[in-house]
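A.B. asks: Residue-level listing of the chains:
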Amino acid sequence: MQVNGEYKPTIVAFCCNWCSYAGADLSGTNRLTYPDNVKIIRIPCSCRLNPMFILRAFQRGADGVILCGCHPGDCHYTTGNYYARRRMTLLFSMLDFLGIERERTRVEWVSAAEGAKFAATMNEFTAQVAKLGENKRLEDLRCKK
Amino acid sequence: MQRIGVFVCWCGSNIAATVDVHKVAETLAKEPGVVFSTNYQYMCSQAGQEMIQEAIHTHKLTGVVICSCSPRMHEGTFRKTCAAAGLNPYMVEIANIREQCSWIHKDMAEATEKAVILGRAAIAKVHLNAPLTAGTSPVTKRALVIGGGIAGIQTALDIADAGYEVDIVEKKPTIGGKMTQIDKTFPTLDCAACILTPKMVDAAQNEKIHIYSYSEVESVKGFVGNFHVTIRKKARFVDETKCTGCGDCTTKCPQKNVPNEFNLGMDNRRAIYIPFAQAVPKIATIDADYCTMLKTGKCGICSKVCAAGAIDYQQKDQLVEEEYGAIVVATGFDPISVEKFDEYAYSQSPDVVTSLEFERLMNAAGPTNGTLLRPSDKTHPHTLVFVQCVGSRCDGDGRGKSYCSKICCMYTAKHAMLCREKYPDTDVYVFYIDVRTPGKNFDEFYRRAVEEYGVHYIKGQVGKVVPENGKLKVQASDLLSNEQIHIDADMVILAAAIEPDKSARPLATMLTASMDTNDFFTEAHPKLRPVESPTAGIFLSGACQGPKDIPETVAQASAAAAKVLGLLAKDNLTCNPCVAQPDEMMCNGCSSCEKVCPYGAITYSDKEFRGPNRTTLIRRVASVNPAVCQGCGACTVACPSGAMDLKGFSNKQIMAEVDAICK
Amino acid sequence: MQEVMKKALELLQNGTVSRILGWKTGDFFYDLTPAVFESAEEVEKDFVFSPFCGANLSKYLIKESRKEGKIAVFLKPCDSYSFVQLLKEHRIIRDNVYVVGVACDGMCDIEKMKELGVKGVTAVREDGENLVCETLYGEKTVARKDALLERCVSCKSKKVVMFDEMLGENGEENPESHRFDKVAELEAMTPDERFAFWQNELSRCIRCNACRNVCPACSCEKCVFDNANSGIANKAAVTSFEEQNFHIIRAFHVASRCTDCGECSRVCPQHIPLHLLNRKFIKDINELYGEYQAGADMDTKPPLMNFTKDDCEPSIVHERGGDK
Amino acid sequence: MNKELAKQIQEIAGVNPRKCMKCGKCTATCPAFDVMEYHPHQFVDMVEKGKVEELMNSKGIWTCLSCMACIERCPRSVEPARVIEAVRVAVARQQGMDHLKPEQIPALLDEELPQQAITSAFRKYRK
Amino acid sequence: MIMSYFPGCTLKTKGKELDTYGRKAAEALGFTLEELPDWQCCGAVYPMAKDEIATKLSSVRALVAARDLGQDLVTLCSACHHVIKRVNGDMKNDPNMQLKANNYMGLDVPYTGETNVLHYLEVLRDRIGFDVLKEKVVKPLTGRKIAAYYGCMLLRPSKEMQMDNPENPTIMEDFIRAIGAEPVIYAMRNECCGGYVTLENKDFAAKKASAIMDNAKNQGADCVITACPLCMYNLKENGGSDLPVYYFTQLLAEALGVD
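Chains as they are written, first to last, in the numbering used here: chain A, 1 to 145; chain B, 1001 to 1663; chain C, 2001 to 2324; chain D, 3001 to 3127; chain E, 4001 to 4259.
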């Protein structure tokens, strides 16, 4: 999205309900700012994140997708983030293999106490994605120009 | 098509100052399916809730979107509101426009636009919501208390008092915790043992309370109302049912040089020991690290002197399995190691001690039988220097804790006062940054130390302690007179910061209870739910949640008990209806979901299906036990065919949110 | 070759099974299709076993093993991995299947042969390392190794992992298959080069679903792409990028279950090297979580349904990637 | 009061004097206390308040030993020695404000004095 | 094992013993100190001001030279070690310093703190191992009671120096044990000797130095060792004590029999 001549990427952040969504709330409670391009979708656990959702987001115009969950070992459901970690590792590696910029995807573990980390992560990730510009590659993958 | 009502909350100025709430309500009114849209100052207030209920009736709403604070705050409130108006509570979605919008953005136009998008996502989701009915699961009417200090004991006594069974798991051979090591308590100066030991005995004698001493929690499975806990009873090499606690073995054991942890290593005990005279249970324990018999197979003296025949060198750790409805964490605290603060020369001189060590040096059951003597040469000290905030209030220096340990100001005043009272010939200095005494009769207590007992309070810190020629040369600052002062002290007492017990971190992992960055357990709400963990069925008692003195600990312990009783009093718990559900028509029966389910909630059965041309087909399909499923969703992603979906967070719902956000 | 047909007849005649799953001739000699034979006559008439029997029969057993009576199946080594994987997923009723393992020296690629000038093949016989082909234009000889399907060139295993009876001598796994070479070559490229490569390949896709239909791992009762509730249902492309994720999602769905049988690439009418996507997952899994071969045994947990506490973080994708 | 200069000094120091909780640990630690008229905690406090001229005219900026004990022991990472260095640098960078002049050196030397002593004095006290 | 070596100004003249014995001992222990060909004086004081760039460049040159040789950079003088190690930290962590220094120096390959900076004592502890050193000692200094004087620059600030616990260090005591002597622990071992003001205020420097020497003596030491030429000078000349002061390398060479 272009705003006032400046590129504003659309960022979708999937946050697990127990740690990271609470961490995001905490950064709000502490009035720590991060860009408004970041929109959070609450999911019960990082393991609920289906790779389809990420691809769908990119398909519909997202420029970056980030998953935040409890730190490994601290999952509310004991093991969810361990599965998410493997799934995302392999998915990100595949996107990289297809030549999609690997800077568009990220996983960050944010606990309910890490409001500052949440805000910092979002600031950093948004800046990183903004540098890449609009996400074209996933759209173009199947149509040669 | 749903008939959706949108309610935009101002939250006073919390939202309205940054988000144009009128514009949000107007814009969202144009979304498909929205038949009513409004805004109000406080949606969570009585009037706000009534407004929602009235709209449900008037506009025959089938779905409600509330743009307000975090769903973690008021989702429950609004669900109840709607349920009372006859709408299924799961037809409510919250758009978080406070914590995740108005509070983080400054620009009104940006924040308003984002609020609209978040509202749209919630509307898109509600379109796909379906009424859900919560099932129920039974409650095991028994509680587990982890940690047998004053917090754990108080919680257990209160629960038992109400008539429920409660078990205490304590890792040490006796219950009692840190309070057993304390001499006197502030601000009344009554003897800690005199008020604690009767409670320990009460706990031991209460038929509803079972104490697992010298035991640790090995694993925790299950969920609120239905925890399955494995407890490791560590081998103490003494048969608990036979030992009478006579103590003969502890006087005959030839291994005399075992550092006595009860006196913080300032004297020795035997390899077989009872921690102290009032220990509960009063049963001997063999320390396997020091016992000659266990190490070399030669000795066996304790076995010979034991008239009860209780010694059992073959004893092994035992695993006990128990079911509980609620778990209370009461793991307490420990003083930090002062090793990183060696400018105070703790490692160089035995006369530099921590406050807890000082407590033992003043205690009648301590290594000096209650006479204050310098550890180095057992002489009477004349000049004592107390240093406050050793490792507390350190920020970013990498060696201490950022928080105030809360109890040090008061116990240091107590130590200084007791010292001056018992030994009027002493000079007592206290170096402080601030003296913090909020609490009933606390500041009066501190002032008494200064005014009546003549304790020298100096605003400043100690920079260096140099042991030389039998003295401790203390170099310090006096900020009020802007001087550097030098004191030749006989003893230096360090008020070490306190930190959560080391066992808390692995326990939190087992319980999936969250912790803050300092390893204190987090409460469900810092103000309104201070004794509950965010994980249902886990409760917090005492210093495991944050630094606390004894009265506060006991108050919180009873509060935790009250919360436990509220849970145990229920026969059934309403389950979370947002659970996984397979579409049998699409299920392959491949077991992928079963492999990732942390709760064993998924089972398989062969079912008959109609095939083509009036044939029947038998297929293996998954089914989910909704009382066991906790709704994490791991299975939904493992399922290749997409047969498994999660109610309330379905594939379609999440994708609708994605679409609304990315549009 | 005759041995296989003899075995089929024998199993039918001695009543071990009531049906045979094998291959039969299609319109051309080299165009074979899987087929079920219910009588000795049918077998004698149509049953074929030739160097063109590339098709993996295991997937058909999902339906066939649920029917009345026992069925015999001929499984080449790579097919047997798919068979075990399907058993592991409870998709095949083992008791209803009689597995005859057949040793395999690799199957032939008619396209490759055509490129070598062997056209209009009507029969083939093996002569040591060579294939002697009778064609409409006379007899032609090609070296077997030059005519092999791409997947057979880098064959991972000549071992039939599960069978009731073995025809010929069972082979060994081949750790020196070099099957990941092409993946590694792509990995070594810059992201731009990789993107160009895949854009070129995937833009040819006509979404015929042949890859999905042939894949033994893609054996869902109903595919997510056909399921209205999945949110990604689509049959044909609505917009240019509406369905671009088909191959990524398909690869992810079969990840840690794909045995690398290579059928997807074999059947692709557009010759898209789809197996490279699967192999990328397999290579990553091997490197990050330890060697794993789907279908090699019944017990090992598939890596995506498993974890260790000290697994690498997803950031490893960046770290490994460096500045390429 | 010179807020602008104080700000510059804070920037040179690269630390945040507002983090100071006035515990006095730095001054308690300081081995050069006796030869400084303003003490480490005062440097932090005065720079924060903008009272930098007094500091710049003080003798103490030349007698701070740069032993870094206050940096090590400061519980708030304020690192007073950096503040003192910043004040010293602010002075030495002004024209003609070198504290040590080459012509003074010969008189200060003795047979055993290591080069290090002179090098470091030059580095510390001159532009 | 070959390492790049930065001797520094004083080790070539007044502090020759520190250097000579250090090199001899290194050979005996099986590692070679290869003097950097064009080293320049490090400046002896680490410029703490955030905006100082030029004064740090000589250290950067030494660091780059070692990097280009693919070697660790070893120093003997505490001051050199302090300056070079901290500058290296800046090159690693401070983007402003990184950018400006690299722009100024115009290197082919930009330098971002890759070189390992080791003090000789760290080499003994982490590369050779004190247990191995102990085995190589031919003349153990049995019965000697030695007080290690750390001073400021080896230890502080510990976040950057990362050599040892800054308040309760053990590296020199372990070294003393390894050469067969008995370490004397005394509280003043990490306090400043006042060396920097010795030029201008001898009385004050003397006060600081003698407090240290007295503390060491009162705790039963019969000599003091140091790794810093300035401390050496100050303790010896201004300490007002009869306790001898040695460079640690002198005793190391003695114990290894290479003196």
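Keep in mind that the hints are not guaranteed to be accurate.
As the list claims (entries may be wrong) - So these bits of chain B aren't anywhere near chain A, every CB distance computed over 12 Å:
{"no.": "1", "residue": "PRO1032"}
{"no.": "2", "residue": "LYS1080"}
{"no.": "3", "residue": "SER1102"}
{"no.": "4", "residue": "HIS1127"}
{"no.": "5", "residue": "THR1230"}
{"no.": "6", "residue": "LYS1234"}
{"no.": "7", "residue": "GLU1240"}
{"no.": "8", "residue": "GLY1297"}
{"no.": "9", "residue": "GLU1468"}
{"no.": "10", "residue": "THR1509"}
{"no.": "11", "residue": "ASP1516"}
{"no.": "12", "residue": "LYS1595"}
{"no.": "13", "residue": "ASN1651"}
As the list claims (entries may be wrong) - DSSO-like, lysine-lysine: derived pairs with alpha carbons at most 27 Å apart:
{"no.": "14", "chain 1": "D", "residue 1": "LYS3059", "chain 2": "B", "residue 2": "LYS1106"}
{"no.": "15", "chain 1": "B", "residue 1": "LYS1208", "chain 2": "B", "residue 2": "LYS1221"}
{"no.": "16", "chain 1": "B", "residue 1": "LYS1459", "chain 2": "D", "residue 2": "LYS3059"}
{"no.": "17", "chain 1": "B", "residue 1": "LYS1340", "chain 2": "E", "residue 2": "LYS4145"}
Derived by calculation from the structure, the hints in this document are not laboratory data.
The model shown is predicted, which means the values in this text are computed figures rather than measured ones.
Idealized CB from N, CA, C, for every residue including glycine.
A.B. asks: Taking the hints in turn, state whether each one holds.
C.D. replies: So, going through the hints one by one against the coordinates:
no., hint, result
1, PRO1032, "holds, 18 Å"
2, LYS1080, "holds, 19 Å"
3, SER1102, "violated, 8 Å"
4, HIS1127, "holds, 16 Å"
5, THR1230, "holds, 15 Å"
6, LYS1234, "holds, 24 Å"
7, GLU1240, "holds, 33 Å"
8, GLY1297, "holds, 40 Å"
9, GLU1468, "holds, 45 Å"
10, THR1509, "violated, 5 Å"
11, ASP1516, "violated, 4 Å"
12, LYS1595, "violated, 10 Å"
13, ASN1651, "violated, 7 Å"
14, LYS3059(D) / LYS1106(B), "violated, 47 Å"
15, LYS1208(B) / LYS1221(B), "holds, 23 Å"
16, LYS1459(B) / LYS3059(D), "holds, 26 Å"
17, LYS1340(B) / LYS4145(E), "holds, 26 Å"
Hint compliance for this structure: hints 3, 10, 11, 12, 13, 14 are not met, and every other hint is.
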